[in-house]
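Chemist: Chains as they are written, first to last, in my numbering: chain A, 1 to 333; chain Z, 1 to 350.
Just so you know, the hints here were simulated from the structure itself, not pulled from any lab data.
Treat the hints with care, since some could be wrong.
Said to hold, decoys possible - In silico SDA-like pairs for lysine to any residue, Cα to Cα no more than 20 Å straight-line:
1. Z:K71 with Z:E5
2. A:K149 with A:L201
3. A:K30 with A:P288
4. Z:K71 with Z:D204
5. A:K149 with Z:G272
6. A:K149 with Z:T273
7. Z:K71 with Z:F95
8. A:K30 with A:Y16
9. A:K149 with Z:P275
10. A:K149 with Z:P271
11. Z:K71 with Z:R87
12. Z:K71 with Z:M54
13. A:K149 with A:L205
14. A:K149 with Z:R289
15. Z:K71 with Z:C170
16. A:K149 with Z:P288
17. Z:K71 with Z:R84
18. A:K149 with A:Q133
Residues per chain, in single letters:
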Amino acid sequence: MADDTLLEVEGLTKHYTTDEGFLDRLFGDKEVVRAVDGVDLEVREGETLGLVGESGCGKSSLGRTMLGLEEATAGSVTYDGVDLTTLSESEMRPYRTDVQFIFQNPFASLNPRLTVEDIIGEAMDIHGIASGQERHEEVVDLLETVGLKASHATRYPHEFSGGQRQRIGIARALAVDPDFIVCDEPVSALDVSVQAQILNLLDDLQDEFGLSYLFIAHDLSVVEHIADRVAVMYLGEVVEVGPTEEIFSPPYHPYTHALLSAIPEPDPLWDGDRVLLEGSVPSPMNPPSGCKFHTRCPIARDECAEWDEHPSLEAVSDEHQIACPFHEDVQHG
Amino acid sequence: MALLEVEDLETRFYTEDGAVNAVNEVSYSIDAGETFGVVGESGAGKSVTSLSLMRLIENPGRIEGGEIRFKGRDLLSLSDEEMRSLRGNEIAMVFQDPLTALNPVYTIGEQIAEAVRLHRDVTDAEARERAIEVLDSVGIPEPASRYDDYPHEFSGGMQQRVVIAIALSCEPDLLICDEPTTALDVTIEAQILELLDDLSEEYDMAIQFITHDLGVVAEICDRMMVMYAGEVVERGDVEDVYYDPQHPYTVGLMSSIPRIGADIDELATIPGTMPDLVELPPGCSFHPRCPFAEEACTRTDPQLVDPETGAPADGMGADGHVAACLAHTGDLQGDLDYTVEVVDDDTEAE
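When you get a sec, could you build the whole thing from the sequences and use the hints?
Modeler: Here you go:
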């Protein structure tokens, strides 16, 4: 573990089983959804780690499992020398002031019956951080930090626009003074002009409070803007990880290359080559053999399907790792 | 003559809080076979404009003024019966969320065949055959055997292909796509965009493409308009609008997109949010958020004009680049101070 590692994930696995229903148990139907399948990652102090991939690739499950919102099937999450996955609910509680979560949908993640002051102050109550007048002052401070007004404290969530609600969600996460925040698609429900405001706010807060982020997104251009390092996921596994500028330039994992080339270019005369992936992500209940990407991979060889397991991450530079032995075959123009 | 001409369309919703001015004097035209982009943020009036075209505005909404001429016929004066035979036949629509657009209790083949039987004089067997044919043309593998599958048995991208297949079943002249790729991943979005592009060529079909994604517009549209608070603020060829934007809102939108390869620390933003459509700001609706706003902007509501000459736009403006900003009519003291940079074949609007 490097000196500046804040949180380390090793072999983290999250499987969901489908035998929870009565009928499934009766007939013994049991299928396993391999949402996260042996992920190794580290988050460093003060950095933003971007996590990208298509829907269903396990990004959100990974984020939630890291913070103990889902119980890990296997593997460890080490924070401050402690494996968070072994803690009970009550043992986990003190760590919740260190690790926080910002959710995707600002319309669903705020309690509609609480005022903004109570939404933000609730976390302070639970962790005994502040109460009474002190709590009120802290809430007002936080509102101003995230670009809202003190007068907003007495209002309810429905009185705010999407961008303002996301600011409330950010203030709530900041209320316990965390070190690490998982941001799960925090801007994908917002319009572009508002999206830029929230991205800039997250950036400013990181500088001010020395926060580390795991920034989950499907939009690579957003991740390129905000992340220091990026991990690319496909079907529950990390296929490429490295510093942002190295992820966005060759050598590429063939999947990363396809994702990048699929982004519509806001330039009417742009005439680049586009790699079109066939089909959609296979079901994580029954993932393909060998390299899981071989069914859609433009450079797949016969042997890719025959391996016993997914190829492991191999270093291509100091910090940059790619899980594809044939990545040099990727044609980039 | 243009395929579709919309002139001074006004749609309002009467709510307890007052009348919501969702669409205000919107004019544009679409030629046969052309792809026309409609861009703007949530609440700009993009979807209400499209629903007005189909006359699908429900209470408390009302189309209050203007004309919608499709192949020369005024759609607003048609009877309900005539409108019904047009919908899904000559004008079809593709919605944002394929799972809510499809009926979960009918097979996808039946949902396509239903549209065919309604508008064409065909036997059940012929309708089935036609459904399989369109499923094939939208790229569903083994269409004959997938005919009897239900929507939940398809992935999101495949469901959207089915919705497109329903829309195409009667070979419409105009296809209205309301954010058809917003719910999809980029890789699937690229597939659907390519499909729409191929189909518009194959069927010589015009597309009205509503989106908030400027990348998508650049990729598939010929002409476009930018909407803000229910009004058209800029309209023209896609190339003109991208390389030479003439309205501060368009400039703001373009510069707030994070771009791959652009090395900038802070994204440009448009401060504030879209105004309340019940009580629009006086003068130019954009002035509270506009970096170039002056006192004149709070008094005068700008009209769409030619940015070069300041001459008013002529009606629906089948060609030409127009923008609604007082800077172009000489009413402002200052200039619109921004530049568009094209970096490495990539456009950068700052």
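Chemist: Next step is simple, just say for each hint if it's right about the structure.
Modeler: Verification of the supplied hints:
no.	hint	result
1	Z:K71 with Z:E5	8 Å, holds
2	A:K149 with A:L201	15 Å, holds
3	A:K30 with A:P288	19 Å, holds
4	Z:K71 with Z:D204	15 Å, holds
5	A:K149 with Z:G272	13 Å, holds
6	A:K149 with Z:T273	15 Å, holds
7	Z:K71 with Z:F95	23 Å, violated
8	A:K30 with A:Y16	10 Å, holds
9	A:K149 with Z:P275	18 Å, holds
10	A:K149 with Z:P271	15 Å, holds
11	Z:K71 with Z:R87	14 Å, holds
12	Z:K71 with Z:M54	14 Å, holds
13	A:K149 with A:L205	17 Å, holds
14	A:K149 with Z:R289	18 Å, holds
15	Z:K71 with Z:C170	17 Å, holds
16	A:K149 with Z:P288	18 Å, holds
17	Z:K71 with Z:R84	16 Å, holds
18	A:K149 with A:Q133	17 Å, holds
In terms of the numbered hints stated before, the structure departs from hint 7 and from no other.
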